[in-house]
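Build out the structure end to end from the sequences listed, making use of the hints.
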Amino acid sequence: MKYGLCFYFMKVFTAIISLVFILFASKVQTQVLREFDTYDTLSSSIFKNNDTTYVINFWATWCAPCVKELPYFEAFNKKYKEQKFKVVLVSLDFKRQIKSHLLPFITKNKIASEVVIMNDKKYDTWLPKVDASWSGSIPATYLIQGDKKLFAEREFANLEELEDFIFSFSKYK
Amino acid sequence: MNVLFQILFTISILTNGDVRVPNSGFQPGDKASDFDLKSVDGKNYSLASFKDAKGFIVVFTCNSCPFAVMYEDRIVELSKKYSKKGYQVIAINPNDPEVKPDDSYEKMKVRAKDKGFDFPYLFDESQTVYPSYGATKTPHVFLLDRNHIVKYIGAIDDNAEDASQVEEKYLENAIAALDKGKEPVPAVTKAIGCSIKVKSK
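In order, the protein sequence lines correspond to chains A and B. For the first sequence, counting from 1, position 5 maps to 6 in my numbering; every step adds exactly one. For the second sequence, counting from 1, position 172 maps to 396 in my numbering; every step adds exactly one.
Hints were generated in silico from the structure; no laboratory data involved. Take these hints with a grain of salt, some might be off.
Stated by the list, open to error - Here are some of the chain A residues that sit facing chain B, going by a computed Cβ distance under 8 Å: (1) F10; (2) C64; (3) P66; (4) K96; (5) I99; (6) H102; (7) P105; (8) A113; (9) K123; (10) Y124; (11) L128; (12) P129; (13) I139; (14) Y143; (15) E154.
Since the model is a prediction, treat every value here as computed from it, not as a measurement. Glycine included, C-beta positions come from ideal geometry on N, C-alpha and C.
As structure tokens, then:
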């Protein structure tokens, strides 16, 4: 009887500990990343044909110039997210490095813009769908709003350069 | 909706002054310019150094880019296989070592020795050769015939991450076509790679 009661308390205790742990863990968890196996599913899930300008940055944690310019996309997102701009960071990280590199990078740098994972490795099939001129080097950025788009296979040296590029495409009032 | 986007993607609407000119450099059918660059053995090489070559596999690559590294063993294998058939592999590092210290000439020597490169590994120190070819990334392959006519531009195959999962060997198929006197199809492929490292102005 005594053992039964003790066992019962232990169970309750374990349940409380688990609950606390789950609550804590969910707070630490920054964002659940959407993964796409094809470019068509990525584009149909992300781009809505409305007045939002989508700022799409193709990057990877192994790409030094990408990592260098990421803070400007983050800054842009923070500054203009209320103004019908949506920044989406499309990670081209290797599948085997999602857990070891990408997720820790997002947590460590507190990335607030949405990060999605592009799993389609058949580059010759989907790169031309983004832009016929894209040779495949990253970073690369493209903007889409309704039926307009602008692609650039380039880096940005600061927030101002990024703003100039985006506002040459979509006027900000 | 998808159809709509497909249409949008095929229409290039805007241009921007800041963007690198996408179609600069060689296209299939162009005659490639020769170069004279220093290799890891201290000697200079050019296309003209290989008078008997049936063709050239010119690959812009480097020590530091993970994509280039994933292809290193495959480039060594290609050289072993195709040098016997008269095709010369020439690797060229286009990166500025001030931006990427791992791509210095000294580090190139170490890498070539470690990996047993049996082909020239040239240093485009003045960064003039890669723009003339229109290389934008590493790795970036240009297949030339014996007369230095560009026959194929792009990737080695369709799976950088796993050589055992390759479905299409673009470069080898292009060489096979060239061998038969045919034009490679596709003559151009796209693949992700690392941008070529240049000092910012």
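Hint check:
{"no.": "1", "hint": "F10", "result": "52 Å, violated"}
{"no.": "2", "hint": "C64", "result": "6 Å, holds"}
{"no.": "3", "hint": "P66", "result": "6 Å, holds"}
{"no.": "4", "hint": "K96", "result": "7 Å, holds"}
{"no.": "5", "hint": "I99", "result": "12 Å, violated"}
{"no.": "6", "hint": "H102", "result": "11 Å, violated"}
{"no.": "7", "hint": "P105", "result": "17 Å, violated"}
{"no.": "8", "hint": "A113", "result": "25 Å, violated"}
{"no.": "9", "hint": "K123", "result": "6 Å, holds"}
{"no.": "10", "hint": "Y124", "result": "4 Å, holds"}
{"no.": "11", "hint": "L128", "result": "4 Å, holds"}
{"no.": "12", "hint": "P129", "result": "6 Å, holds"}
{"no.": "13", "hint": "I139", "result": "6 Å, holds"}
{"no.": "14", "hint": "Y143", "result": "10 Å, violated"}
{"no.": "15", "hint": "E154", "result": "6 Å, holds"}
Of the hints listed earlier, those the structure fails to meet are numbers 1, 5, 6, 7, 8 and 14, in rising order.
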